Amino acid sequence: MYLTSTRPDLMFATSLINRNMSNLAELHLQVVTKILRYLKGTTQYGIVYQKGSNEGELEAYTDSDYAGDINDNKSTNGYVFKFSSGTVAWTSKKQPIVSLSTT
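The numbering used here applies: residue -8 is where the sequence shown begins, and numbers increase by one.
Calculated from the structure, these hints are not laboratory results. Owing to the predicted nature of the structure, the values given are computational and were not obtained by experimental measurement. Glycine included, each C-beta is placed from N, C-alpha and C at the ideal position. Be aware that a few hints might be false.
As the list claims (entries may be wrong) - Below, computed lysine to any residue pairings styled on SDA-like, alpha-carbon distance capped at 25 Å:
(1) 84 with 58
(2) 65 with 31
(3) 31 with 48
(4) 73 with 88
(5) 85 with 20
(6) 65 with 28
(7) 85 with 35
(8) 31 with 88
(9) 65 with 52
(10) 25 with 41
(11) 84 with 39
(12) 85 with 22
(13) 85 with 40
(14) 85 with -6
(15) 25 with -2
(16) 85 with -7
(17) 85 with 0
Claimed, not checked - So the derived label-pair ranges between C-beta atoms look like this:
(18) 35 with 91: 39 to 47 Å
(19) 32 with -4: 16 to 24 Å
(20) 28 with 6: 17 to 25 Å
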């Protein structure tokens, strides 16, 4: 949970692992190993708040896929909110129901 609270770039990867905690396999261990290697190589990454940079400006981004999970055809969506160039809120989650259409 600490990783997803301080590193938005890890939100999707860690949510994939969390979905499968009750049924872990060798593949999940490989994914965790890749996440840890990524962390080791990106220690300089983080959330930065800079005074005077886009001061008072609110930005919002969102994205989703359509039936991206090949096992159950459920979609994943997420969003990021930034204020004064610093990330303040974000999420990535799998939808609980299958979408039948993109419109």
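In rising order, the numbers of the hints this structure does not comply with: As far as the earlier hints go, 2, 3, 4, 6, 7, 8, 10, 13 are violated by this structure, in ascending order.
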